[in-house]
Amino acid sequence: MTAPILPGAEPYSAAGDERGALVLHGFTGNPQSMRGLATALAAAGLTVELPLLPGHGTAVADLVPTGWDDWSAAAEAAYIDLAARCTSVVVVGLSMGGTLSVWLAERHPEIAALVLVNPLVVPPDAETVAFIDSLIEAGDELAPGVGSDIALEGASEAAYSELPLRSARSLFDAAAAVERGLGSVRCPVLLFSSVVDHVVDPVSGECLAERVAGPVERVRLERSYHVATLDYDKDEIERRTVVFVADRLARAPVRPLSRHDVVHVASLARLSLSPDEVDLFTAQLRTVLEHAADVAALDLAHLAPTAHPLPVVNVVRTDDPRPSLDRSEVLAAAPSVEDDRFRVPRIGGEAP
Amino acid sequence: MSGARELAAAVRAGERSARTVTEEALAAVAAGDGEVHAFLTVMGDEALAQADAVDAAVAQGRDPGPLAGVPVALKDNLCTRGIPTTCGSRILDGWRPPYDATVVELLRAAGAVALGKTNMDEFAMGSSTENSAFGPTRNPRGLDRVPGGSSGGSAAAVAAGFTPLGLGSDTGGSIRQPAALCGVVGLKPTYGSVSRYGLVAFASSLDQIGPFAANVEDAALLFDAVAAHDPRDSTSLPGVHPTTLEAVRAGADHVRVGLCPDLIEGCAPDVASRVYEAAEALSAAGAKVDEVRVPEFAYGLSAYYLIAPAEASSNLARYDGVRYGLRVEADDAAAMNTATRTAGFGAEVKRRIMLGTYALSAGYYDAYYAQAQRVRTLVVQAFDRAYASFDVLLGATAPTTAFALGAKVDDPMAMYMNDVCTIPSNLAGHPALSVPFGSGADGLPVGVQILAPALAEGLLFRVAGALEAGAPRPGTRS
Amino acid sequence: MSTDSWETVIGLEVHCELATRTKLFCGCRNAFGDEPNTNVCPVCLGLPGSLPVLNEYAVELAMRIGAALHCEIRASSFARKNYFYPDQAKDYQISQYDEPINVAGWLGLPGGSRVGVTRAHLEEDTGKLTHVGDGGRIGSARHALVDYNRSGVPLVEIVSEPDIRSAAQAREYASELRGILVATGASDGRLEEGSMRFDANVSVRPLGASEFGTRAEIKNLNSLRSLGRAIDYEAARQMALIAAGEPVHQETRHWDEAAGRTESMRSKEEANDYRYFPEPDLVPLAPDAAWQERVRASLGPMPADRRAELVGLLGGASTGAAADQIRAVVDLGLDPLVRAAVTAGAPAALALARAANELAAEGEAGLILAQAANELGPGADSPFTTIVVMESGGTLSPTQSKAVLSASVQAISADIKGGASVTAAIARSDPAALAKEMGFEALEADTLAAVVTDVIAKNPEEWARLVGGDDVTKKKLRGFFTGEVMKATAGKANGSEVAAELGRRL
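Chains as they are written, first to last, in the numbering used here: chain A, 1 to 352; chain B, 1 to 478; chain C, 1 to 506.
These are calculated hints, taken from the structure and not from any lab test.
Heads up, a few of these hints could be off.
[Said to hold, decoys possible] If you anchor each label on the Cβ, the simulated ranges turn out as follows:
1. D411(B) / G183(A): 25 to 35 Å
2. R322(A) / G33(C): 42 to 52 Å
3. V243(A) / F212(C): 43 to 53 Å
4. A73(A) / Q250(C): 33 to 43 Å
5. T2(A) / F212(C): 54 to 64 Å
6. R322(A) / A290(C): 20 to 30 Å
7. V243(A) / D411(B): 52 to 62 Å
8. V312(A) / G61(B): 34 to 44 Å
[What the hints assert, rightly or not] Just so you have them, the derived chain C footprint on chain B, three or more residues with Cβ under 8 Å:
9. 33–46
10. 79–88
11. 96–107
12. 184–198
13. 326–340
14. 358–365
Keep in mind it's a predicted model, so treat the numbers as computed, not measured.
Yeah, the Cβ is synthetic: ideal placement off N, Cα and C, and Gly gets one too.
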């Protein structure tokens, strides 16, 4: 039984169009830090999900028994749910939320784009990690918190004042794995990096920008500290994110063909497939569609579709009868005839 | 067999009887087609009857027509009344249309003799004729090789010398590519210039019927006989199409030829070098040859593989076991439809039907089908820009010479890549022609492709005639 | 929840078969009742290789409908609606989807209100299915038989805005629409032959609400009566559900005429994905301004105009009974006869009454006269005019006039059945001769006078009371004497002349 959700820490959802945005908060934080960004995306028309990750936003005691596996499972479930409702999805994350975002992109190459604010991608050096391990062994559970690293006077993050050591440890291990997989991230990335960050070393940003395979748009934040989404550059972050997302998702490819899609279209086309055939056709069709992704991604909104190659209009004939076919010739070709009509087995439903 | 033009002239002059010509053709087929398998149905009795009618006309002093007595091979997706028309599929096995396609009527009026129905990829979907439900056709120039597709049977019939002329259909290259692989001439006409009435539809906005022949002049002769407005086809171009026969000997002097790297770069080196040689040959013939880039062609393949299957998925819905063709019985009508189609269609057809259904389905229409139609506009505009400075474009027809039977059947995407040079013309509705030009490294034929704007078949034939005159002797390697 | 102050919201989709000679995309005959599968060809059977070619007259009729419904007539294109069904020969229907030929019109109801018309587009009809098995209903059938004679017949689908608020109003809309369709020549209006079929979208909501409730679609209603009954039932059904706190499902329902209720048709929630895309075998339609003008100019007066004209003939008044008569006369297409009679000098009210009551009662036979009047033009002779003028001139009494009218119409009808053309039969008819045959000679003035004298003589007491009586007595006894005179003349006397003659004696 968890403690009640802190005011302002509630998850946030917005129903929008077929473009989706998954927004992820950081370690010991909660949706409060990302609500501004989430609502900005919702205002731009997207379908937005800003979940409250397990153990967060209530009391630190609830966070203690959780770790990376729990938070990543929750983030992935939220992604899958959103992806089922949308034709393309962008993932947005702050700090550990950024780690989760990159982790998702490595596992789900169909994610259209990433927006990262001071993501943790390079774990602390071996010395620091060893020190934390020694504390854990010594029986320490909690350390002073890292929340609310904000330059702007009067602004604050409603994060926990302490952090669980074991949980942090699981995060560092995960970050190391994420760092190793950076090369497989192909989607476009918008990366906000605070020049002064007291929580996550700027080396994470450098490393990420260099190692991902796709295009990176870097924005250096001169005035904000770690929780930049609540800091001086809050509005700038929101504005640039909305522009970036609108641009990328308009040109992003459609989500890939699934087995379910193949079964569905086979049924629409009155074809029945064996399970092996479903597998084979899914793989083959997916290849063709991937090839077609280059076309799907083109920005051709200014062109009218060509339905007919050559400009002919108004082809008509006069209302004069012409000879019909001889009925016997017509029915001779029929598989089954009764009373001079085509016979078919009973019909299950009414006409559409 | 001698060329169609000579043959028709001889028959019209009474020097040869159409009957004899037909008998010889039938004998050649009986002797040689066991190996090639170009034909699915040989129209022995009907052909002889037609030949007799031609001879009777000649005897009575009536004009028997410009193709008098010339045997023609008809792709099996052209409706021939009372004669089986299978489209290479089990689902139409045994079906006899109660009517003739317009082109079949035109051929008869021109005095031609329909010798038989030729093998094809099922419902014209394929580039090797290996998707036929009745077994593949072998390339007469290399019996372990494919003849190309989907009109492989007609191309092979002409290449094997069974008939001087053939008719095929071209939706993404299905005349030109087999022509190139078999070493014959193949033309895809301007969309709307040959009636589609009686052509079993694959992709309605892309399909066109066109000629195969052993030489350029014969191709022009056949084209002239079938290019006509047809009120039964709403997409048929109004007006009279100018004849092209005279253009064949007109030479390529001063024709501005755009050598297009985008139609060469993806090809095997031996094919590419033949295209460059062709450019030189045209230069020597007085054409003005320059390079022109049309990068938009690269998008054609993907757009085609969305548009064509989409239209096909709708065109092939009618094969439901109710009115004609195969029926597999079941308890209710829907189950009967499913059982029939599942049993009657081959894998490639099913693949494209599902792809097309997906591209049109709710939620995907705009991203796939509508987008592909916008790419089509892009390609048309790109052609227009190129034709502002050039009269024709020159490129390869197929990326390689004829590949081995079985080599690409398990890789649909690899098979689709065969169409990359031919597809742009279908998307734009423009005419394009493949003419043999030497051989590849393996001694197999290479075809080079000439593209022209809508209704410019005359230009195509001029350039093709010049290329034919300047082509390396068959059998010379590059 | 109480649904006492709830309203019903109805939108109608009407499929109208066009009165063309041939089908929409091929030259097969568009005929009702022929032997199965005799009006078929490669195109309407969907044979491989067949192609559609658009019927010019169907386009003309579609434009007339659009013009009559005050629509904007636009450049349009065709689209394929893809679904599998045995009566759909190609397993897709060629219709119009995002670019229909007519949009944004309206239809005026006789009471004065307007119902918006969203669109009216062209599409092809399906073949006809017969379910064979127990009961002939689809649910219990063992197999089915298909006749493609109707496949490809041209239809215009007319979609109304959800502006209709009751079953009665829906019937009014349907009836008025039918009149308009007949007036444009687009339809023969024979509902019993399937010339018009109605689908009703019905939902309910609280009065004053702006959002629509969930709607159910009732398909394929074939008569005005079932249209009304089905809507009433469905509205009540939905309100009962809501009152019980249960949801109304968006679904298609079927009206069971015998049982008097709607039933759900869709077994699963699976909505059809029709995968509409532009029809590649047809090129776009762009009727130029000149063609559109010709169409608008060629439109005759619509029922509303014709009713207004009759009102004008009556001198502007049109109260209850007269309004009903006007509606009936225009509905049946008998108004040309009324106009012709009035032109020839007959009183409008009389012509109207004879048409609405007596002529209408003659049914099909009576319509023949109207048809002739339409064909021959306003100036031509019509037996109707002759008879009504005879009556108004006193040559025939009302009783006699009605009898002659009936006999005249029957005679013409028999003549035509015997093989005569309409024109010939009408030319041959001679109401005056018929009247004489029936013994309805006009009563000579002195003959009437003599009869009156005679009747007065036979009833001296009553006459005395009439002469000396008060107004009430006078009125009563006038009636008595008129009746006696009528009896004595075997109905030949003209009531007003009798009154005049009596008046002279007083």
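Checked hints:
| no. | hint | result |
| --- | --- | --- |
| 1 | D411(B) / G183(A): 25 to 35 Å | 28 Å, holds |
| 2 | R322(A) / G33(C): 42 to 52 Å | 20 Å, violated |
| 3 | V243(A) / F212(C): 43 to 53 Å | 37 Å, violated |
| 4 | A73(A) / Q250(C): 33 to 43 Å | 37 Å, holds |
| 5 | T2(A) / F212(C): 54 to 64 Å | 42 Å, violated |
| 6 | R322(A) / A290(C): 20 to 30 Å | 28 Å, holds |
| 7 | V243(A) / D411(B): 52 to 62 Å | 42 Å, violated |
| 8 | V312(A) / G61(B): 34 to 44 Å | 40 Å, holds |
| 9 | 33–46 | violated (count 0) |
| 10 | 79–88 | holds (count 3) |
| 11 | 96–107 | holds (count 4) |
| 12 | 184–198 | holds (count 3) |
| 13 | 326–340 | holds (count 3) |
| 14 | 358–365 | holds (count 4) |
Violation of the numbered hints given earlier is confined to hints 2, 3, 5, 7 and 9; the remaining hints are satisfied by the structure.
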